[in-house]
Every structure is written in C-alpha cells, then in structure tokens.
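A.B. asks: Note that the protein sequences, when read in sequence, are chains A and B.
Each residue of the first sequence is one higher than the last, beginning at 1 in UniProt numbering.
Each residue of the second sequence is one higher than the last, beginning at 1 in UniProt numbering.
Don't read these hints as lab results, they were simulated from the structure.
Computed from a prediction, not measured in an experiment: that's the story for all the values here.
For glycine and all other residues, C-beta sits at the position ideal for the given N, C-alpha and C.
Heads up, a few of these hints could be off.
As the list claims (entries may be wrong) - Over 12 Å on every C-beta distance to chain A, these chain B residues come out as not near it, computed from the model:
1) Glu8
2) Glu33
3) Ser34
4) Ser37
5) Val43
6) Leu120
7) Asp133
8) Met195
9) Gly216
10) Ser248
11) Ser265
12) Val287
13) Arg328
14) Asp329
15) Asp346
Said to hold, decoys possible - No more than 30 Å apart at the CA atoms, straight line, and that leaves these computed lysine-lysine pairs for DSBU-like:
16) A:Lys53 <-> B:Lys53
17) B:Lys115 <-> B:Lys53
18) B:Lys53 <-> A:Lys312
19) A:Lys115 <-> B:Lys271
2 protein chains.
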Amino acid sequence: MSRFLSTEAACLAPYTPGEQPTDAQYIKLNTNESPFSPSPRVVKALSRAEVLKLNLYSDPTCGVLTDAIAARYGLRRENVLAANGSDEVLAFAFRAFCGQGRGVAYADITYGFYKAQSALFGLEATVVPLREDFTLRVEDYLNFPGTVVIANPNAPTGIALPRTDIQRLVESNPDRVVIVDEAYVDFGAESCVPMILRYENLLVTQTMSKSRSLAGGRVGFALGSPELISALNRVKYSFNPYNVNRLSLIAGAAAMEDEDYFRDSIAAIEKNRAWTTRELEALGFTVLPSSANFILAKSDRMSGETLYRTLKENGILVRWWADQPRIRDYIRVTIGSAEQMAALVDEIARLLDM
Amino acid sequence: MSRFLSTEAACLAPYTPGEQPTDAQYIKLNTNESPFSPSPRVVKALSRAEVLKLNLYSDPTCGVLTDAIAARYGLRRENVLAANGSDEVLAFAFRAFCGQGRGVAYADITYGFYKAQSALFGLEATVVPLREDFTLRVEDYLNFPGTVVIANPNAPTGIALPRTDIQRLVESNPDRVVIVDEAYVDFGAESCVPMILRYENLLVTQTMSKSRSLAGGRVGFALGSPELISALNRVKYSFNPYNVNRLSLIAGAAAMEDEDYFRDSIAAIEKNRAWTTRELEALGFTVLPSSANFILAKSDRMSGETLYRTLKENGILVRWWADQPRIRDYIRVTIGSAEQMAALVDEIARLLDM
Numbered sequence: 001m002s003r004f005l006s007t008e009a010a011c012l013a014p015y016t017p018g019e020q021p022t023d024a025q026y027i028k029l030n031t032n033e034s035p036f037s038p039s040p041r042v043v044k045a046l047s048r049a050e051v052l053k054l055n056l057y058s059d060p061t062c063g064v065l066t067d068a069i070a071a072r073y074g075l076r077r078e079n080v081l082a083a084n085g086s087d088e089v090l091a092f093a094f095r096a097f098c099g100q101g102r103g104v105a106y107a108d109i110t111y112g113f114y115k116a117q118s119a120l121f122g123l124e125a126t127v128v129p130l131r132e133d134f135t136l137r138v139e140d141y142l143n144f145p146g147t148v149v150i151a152n153p154n155a156p157t158g159i160a161l162p163r164t165d166i167q168r169l170v171e172s173n174p175d176r177v178v179i180v181d182e183a184y185v186d187f188g189a190e191s192c193v194p195m196i197l198r199y200e201n202l203l204v205t206q207t208m209s210k211s212r213s214l215a216g217g218r219v220g221f222a223l224g225s226p227e228l229i230s231a232l233n234r235v236k237y238s239f240n241p242y243n244v245n246r247l248s249l250i251a252g253a254a255a256m257e258d259e260d261y262f263r264d265s266i267a268a269i270e271k272n273r274a275w276t277t278r279e280l281e282a283l284g285f286t287v288l289p290s291s292a293n294f295i296l297a298k299s300d301r302m303s304g305e306t307l308y309r310t311l312k313e314n315g316i317l318v319r320w321w322a323d324q325p326r327i328r329d330y331i332r333v334t335i336g337s338a339e340q341m342a343a344l345v346d347e348i349a350r351l352l353d354m
Numbered sequence: 001m002s003r004f005l006s007t008e009a010a011c012l013a014p015y016t017p018g019e020q021p022t023d024a025q026y027i028k029l030n031t032n033e034s035p036f037s038p039s040p041r042v043v044k045a046l047s048r049a050e051v052l053k054l055n056l057y058s059d060p061t062c063g064v065l066t067d068a069i070a071a072r073y074g075l076r077r078e079n080v081l082a083a084n085g086s087d088e089v090l091a092f093a094f095r096a097f098c099g100q101g102r103g104v105a106y107a108d109i110t111y112g113f114y115k116a117q118s119a120l121f122g123l124e125a126t127v128v129p130l131r132e133d134f135t136l137r138v139e140d141y142l143n144f145p146g147t148v149v150i151a152n153p154n155a156p157t158g159i160a161l162p163r164t165d166i167q168r169l170v171e172s173n174p175d176r177v178v179i180v181d182e183a184y185v186d187f188g189a190e191s192c193v194p195m196i197l198r199y200e201n202l203l204v205t206q207t208m209s210k211s212r213s214l215a216g217g218r219v220g221f222a223l224g225s226p227e228l229i230s231a232l233n234r235v236k237y238s239f240n241p242y243n244v245n246r247l248s249l250i251a252g253a254a255a256m257e258d259e260d261y262f263r264d265s266i267a268a269i270e271k272n273r274a275w276t277t278r279e280l281e282a283l284g285f286t287v288l289p290s291s292a293n294f295i296l297a298k299s300d301r302m303s304g305e306t307l308y309r310t311l312k313e314n315g316i317l318v319r320w321w322a323d324q325p326r327i328r329d330y331i332r333v334t335i336g337s338a339e340q341m342a343a344l345v346d347e348i349a350r351l352l353d354m
C-alpha cells in the first residue's frame with residue numbers, strides 16, 4: 001500500500017464495474033444498458049449551437065433538467081436534485097444522512113456500490129441477508145436506527161418489493177431516512193415517488209442510464225422532501241457545484257420529455273424479457289422473477305462461471321460474480337434487443353448441446 | 001438544521017459558486033470562463049453518431065481522454081486521471097492523501113474550494129497567511145507534515161510562484177504530497193508538469209474549463225506518479241467509476257489535440273489582460289500582477305462592493321467577496337474578449353466620472 005495514502009483511503013473498498021471492452025465487438029449484455037439509442041429529441045437538442053456554448057459553465061442548479069424531472073413526476077424543483085449519474089446521488093445521500101452514530105443497512109445481495117460508498121465515508125454498515133428465495137423481509141429493517149437503503153427492484157436479482165412494504169418501513173420511524181434506489185423501477189416495479197409528498201424521510205433515487213438510454217450521458221437524480229434535497233445540496237456544494245455538464249443537462253431534459261419513446265422502449269424490453277425467460281426456462285434454467293431490464297438465471301447443467309466464460313469466448317458478455325457465494329451459480333443477463341436475445345438463447349442452446 | 005443531517009454533513013462549509021444568471025444578458029466576467037467557443041475540432045468530434053451511442057456507458061478508464069492528455073504532456077496513461085472537472089480531482093486528492101493525523105495546508109487567500117473539501121472530509125486545515133503583497137512564502141510550508149495545496153498561479157490574486165519554490169517544497173519532504181492546482185497555469189505561470197517524472201510526491205491538477213474553452217463540458221485532470229494516480233483511482237472507484245460522460249471524453253480529447261487553437265486563445269487573453277491592466281491603472285486602479293485569465297484590482301476612488309454592485313446594475317458581472325476582509329476592496333475581473341474588456345473599461349470610466 002502506498003505511503004501516500006491516508007488511513008481512510010487505505011480502508012476503501014473500490015467497486016469493480018462490469019467490463020467495458022474497447023478492443024472487440026461483443027453482444028454486450030453485462031451492464032444493463034438500453035439496446036436503444038436515446039430519443040430523437042435528445043439528438044435534436046444536442047445542437048451545434050449548444051456545443052458552441054461549452055465555454056460557459058453549466059447551471060449549478062441544473063434548472064432545465066430539474067424542472068423537466070419535476071414536471072414529469074408532478075413535483076416541484078425543490079423536490080429534485082440532479083447529479084452525475086445516480087452513483088453520485090447515492091454518494092451525496094450517504095454523506096448527508098450517515099456518519100458517526102448513524103450507520104447504514106442494506107441487503108447482502110444488492111448493488112455493490114453501497115459497500116464501496118460505506119467504506120468511502122467510514123460508515124458502520126449492517127448487512128442484512130435476503131431470504132433463501134432472495135426476497136427481502138422488511139421486518140428485518142423496522143427497528144434499525146440508521147439509514148436504510150433498498151434497491152427496488154433489487155439488483156442483481158430483479159426482484160421487486162411491494163410499495164406497502166416500503167411504506168411500513170418509512171412510517172415505522174419518521175426520524176430515519178429510507179433511501180429507495182429505483183434505478184430499474186420503470187421496468188415493472190411499483191415506484192415510491194407518489195409517497196414523497198407525504199413522507200419527509202423518504203428519498204427516491206433514479207437514473208436515466210437504463211430506461212431513458214442515457215448511460216453515457218451520466219444523469220441521475222434524487223426525489224424527496226425539500227428538507228432532504230437541501231441536505232443533498234449541502235454535500236454537492238462541498239464536493240462539486242457544477243456536477244452536471246451542459247450537454248447532459250440538455251440531453252436529460254429532452255429524454256425526460258419524450259414520454260412516447262420512453263414507453264415504447266420499456267414495452268420492448270418487457271416483451272424481450274418475457275421471451276428470454278421462457279426460452280431459458282425451456283432450456284432448464286431457473287430464472288428469478290424480474291421487474292428490471294435484466295434477469296438473474298442459473299442452469300441445471302452448467303455452472304455460472306462456465307456460462308460466463310464460454311459465452312464471452314463466443315462474443316457475448318454477461319455478468320458473473322466470483323466473490324458472491326450465494327449467487328455464484330447464476331449469471332446476470334441484460335435484456336437487449338430481440339436480435340441480441342435470440343443470439344444469446346441460440347448460443348446457450350448450442351453450448352448445452354455440446 | 002435538519003434532523004436528518006449526519007454530524008459530518010452538519011459541519012460542512014458549502015462553496016458558493018459565482019453567479020450563473022439564466023434570466024438576463026450580462027457581460028459575464030465573474031467565473032473565469034473563456035470568451036471563445038471550443039475548438040472547431042470539438043464541434044466536429046461531437047457528431048450525431050456519437051450522440052446515438054449515449055445509451056452505452058462511458059469508458060470508466062477514460063482511455064481516449066487520458067491518452068490525449070498524456071501525449072500532450074509527454075507522459076504515459078498511468079500518469080493521468082481524468083475527472084468531472086478539477087473540483088472532482090481535488091476532492092479525490094483530498095480523500096486519497098489526507099485524513100486522521102494527516103491534515104492539509106493552504107493559503108488564507110486562495111481558491112475557496114479547499115476549505116469546502118477540507119470540511120467534507122473532516123480534515124484538520126492549516127491556513128497560512130500570504131505576505132502583505134499577496135505573494136506566498138514557501139518557507140511557511142517546508143516543515144508542515146501533512147499535504148500542501150498550492151494554486152499556481154493563485155486565485156483570486158493571479159500571482160504566480162516560481163517553479164523553483166515548488167521544487168524546494170517537494171524536495172523538503174518526499175513522504176508528503178504536494179498538490180499544485182494549475183487551473184490557470186496556461187496563461188503565463190511556470191508549470192510543474194516537467195517535474196512529475198522526477199518526484200513521486202508531486203500531483204499537478206489542471207482543467208479544460210479556462211484555457212481550453214470547456215467549462216460547460218466539465219473536464220479536469222491530475223498528472224502525477226503512477227503511485228499517486230493509483231491512489232486517486234481508489235477513491236474514484238469508491239465514489240463514481242463512470243465519472244466522465246461519453247461526450248466530455250470526446251470533447252476533452254479533441255480540445256487537447258488542437259494546439260493551434262489553444263495557443264491563439266491564450267495569446268488573445270494575454271493581450272487583452274495587458275490592455276485592461278494598463279487602462280485600469282490609468283484610471284487609478286491598483287492591479288495585482290496576474291499570470292491568469294483574470295485580474296484582481298482595486299480603485300482608489302470606489303469600494304469593491306460599490307464597483308461590484310454598480311457594474312452589475314449596468315449589465316457587467318464581476319466577482320467580489322463580502323466575507324474576505326483582506327481582499328474586500330478588490331474586484332476580480334475575468335479577461336474576456338477585446339470588446340468585453342472595452343465595455344468594462346468604458347463603464348468603469350463612466351462610473352468614476354459620475
């Protein structure tokens with residue numbers, strides 16, 4: 001370990017993102033991107049005239065973007081914070097609401113970033129096991145005194161929690177913040193956004209990386225009471241006031257305003273998810289019930305590791321976690337286009353036949 | 001203070017960025033932006049084809065951008081970290097190199113963000129007064145045991161430090177990191193980049209917001225030994241692995257490759273700075289010697305506050321700090337185009353005549 005590292009930096013647990021190969025052509029089903037280009041409105045909005053203004057700073061309040069988000073969800077600007085991807089939103093939230101004497105709780109199988117960010121801020125983390133079937137038991141969190149973070153639907157399982165469960169959690173202790181990470185909510189789970197105006201202690205985070213085809217634009221946001229949003233802004237203005245660049249502000253607003261394109265994208269993914277699930281089940285796979293744009297699946301004839309490695313050798317990238325015993329038998333497959341899913345199913349059928 | 005705030009978040013000292021008005025047309029000389037649009041190469045690089053790929057994540061290693069930066073400075077990719085503006089670079093560096101038992105030292109009059117980020121990470125900050133003439137005495141830092149941060153040229157004074165002074169500081173304790181914030185170095189100060197290959201403990205941070213006309217693109221970077229860059233990456237991958245979006249990666253690389261456009265921009269700013277300095281001195285102003293794209297100036301006939309307020313009423317924005325007694329008499333004026341500077345000088349002459 002470098003002599004220059006602070007004690008705190010030595011204790012970090014950096015996140016390993018999915019492979020982003022630049023050297024070869026893969027069917028890329030490993031990082032839950034949308035297979036569809038962004039809305040034509042985004043293409044139109046990113047005009048030459050806007051590029052020529054890149055010499056000027058972006059609006060630190062992200063006005064254009066937060067207004068578009070607020071309008072879409074029937075909220076006010078004071079209910080919205082925009083950020084450089086929802087990872088940044090989560091980091092701001094972890095710093096704003098957790099610290100000495102106020103730890104954080106999350107599931108054992110969930111988005112890996114909660115662990116990385118807990119280490120970043122030196123938080124005491126309580127890791128709560130999911131049930132055997134990977135569902136979350138909300139009772140496990142009701143008496144936890146610190147901040148609770150729940151991904152809904154969960155990643156990488158895809159399993160959704162009913163909104164009534166989160167409502168119980170939010171109501172059980174109004175002095176505790178509940179963060180609901182809705183990165184994948186648009187693909188079929190019940191969003192908690194309608195509860196925001198009723199509960200001051202509920203923060204919902206979302207991203208435009210999945211359902212709005214803007215992973216490369218880095219646009220995430222938080223929705224919550226003005227009190228919670230104001231706390232997030234304290235952190236943002238201590239870290240990076242101009243956190244969203246000019247073009248992403250414009251792209252995000254345009255994407256949020258194109259409801260038809262959004263709905264069509266979702267419908268296509270849901271259709272392809274149903275088809276892929278059926279096909280894999282026909283090949284003997286167990287597929288967890290998914291409300292996201294991915295599925296977690298295991299074969300009764302081939303290990304997760306072999307599936308991951310053999311698919312990669314044959315030009316298809318999926319995600320597999322070597323370091324997670326509970327899901328080591330599974331692979332996580334992003335739901336792409338119909339053509340991509342057909343290629344995946346054909347390749348898996350071929351591998352199992354060999 | 002909100003009951004939801006962590007103790008740490010309650011202790012923050014959020015930064016106040018310069019005004020970014022969206023409601024009126026101002027001659028904007030308050031946030032040190034370039035008056036020139038980005039290079040035509042940037043405009044060309046941000047093609048429709050690239051926008052159509054925004055559904056895919058950006059390369060977390062920022063390969064295209066770090067390679068362009070490394071090539072420009074005769075370094076290797078391992079010497080470069082790219083980030084969402086140099087504020088993010090600085091935050092990563094503060095976390096990587098400072099913490100319990102390892103504080104940070106910086107000048108009393110310098111970039112306000114060092115204070116905000118010290119508070120963000122709960123660091124013990126040693127604030128070292130500049131001399132009466134606002135020059136920095138490097139001897140004050142030689143025996144400081146923690147991390148030293150020096151803006152060179154300094155902001156908001158514009159005063160540059162000779163490279164030999166920083167060399168003394170770097171050599172005086174090879175176990176201590178020295179961060180040289182070169183946000184404005186291209187406008188006339190001596191860069192420490194040529195020293196990077198010799199000193200493992202020297203980190204240089206730069207930005208494309210000023211000399212490369214990309215403030216709205218949010219592209220900053222750090223240059224240093226592979227050991228320091230690796231430490232910054234530990235923090236980055238704990239905070240936000242995909243920290244630079246696709247379009248900014250491309251824009252930054254294109255801007256870095258257009259050396260002619262860069263030199264022409266710098267030459268124009270230096271010429272306008274010299275002209276503005278002469279004109280203000282002729283009007284009785286004291287202007288600090290600047291190596292940056294701004295000047296810090298005070299009038300013998302009008303207070304800094306009156307200048308700031310009256311100029312704003314008349315459509316010209318400059319920066320003034322109410323909360324900084326040592327520079328309360330001064331205004332900071334960004335060096336813009338020849339037309340903008342002529343408008344400023346005319347307006348000031350008119351105000352002083354009234």
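A.B. asks: Next step is simple, just say for each hint if it's right about the structure.
C.D. replies: Consistency of the hints with the structure:
1. Glu8: 4 Å, violated
2. Glu33: Its Cβ does come within 12 Å of chain A, the nearest being 5 Å, so this is violated.
3. Ser34: 5 Å, violated
4. Ser37: 4 Å, violated
5. Val43: 5 Å, violated
6. Leu120: 4 Å, violated
7. Asp133: The claim stands: B:Asp133 keeps its Cβ more than 12 Å from every Cβ of chain A (closest is about 31 Å).
8. Met195: 16 Å, holds
9. Gly216: With a cut-off of 12 Å, B:Gly216 comes too close to chain A, as the shortest Cβ separation is near 4 Å.
10. Ser248: 6 Å, violated
11. Ser265: It is violated; B:Ser265 is separated from chain A by about 10 Å at its closest Cβ, not greater than 12 Å.
12. Val287: Nearest chain A Cβ is 24 Å from B:Val287, so the label holds.
13. Arg328: Answer for B:Arg328: holds, closest chain A Cβ roughly 23 Å.
14. Asp329: Nearest chain A Cβ is 26 Å from B:Asp329, so the label holds.
15. Asp346: The claim stands: B:Asp346 keeps its Cβ more than 12 Å from every Cβ of chain A (closest is about 23 Å).
16. A:Lys53 <-> B:Lys53: 22 Å, holds
17. B:Lys115 <-> B:Lys53: Between B:Lys115 and B:Lys53 the Cα gap is close to 39 Å, so the pair fails against 30 Å, i.e. violated.
18. B:Lys53 <-> A:Lys312: 22 Å, holds
19. A:Lys115 <-> B:Lys271: 52 Å, violated
Checked against the numbered hints given earlier, this structure breaks hints 1, 2, 3, 4, 5, 6, 9, 10, 11, 17, 19; the rest are met.
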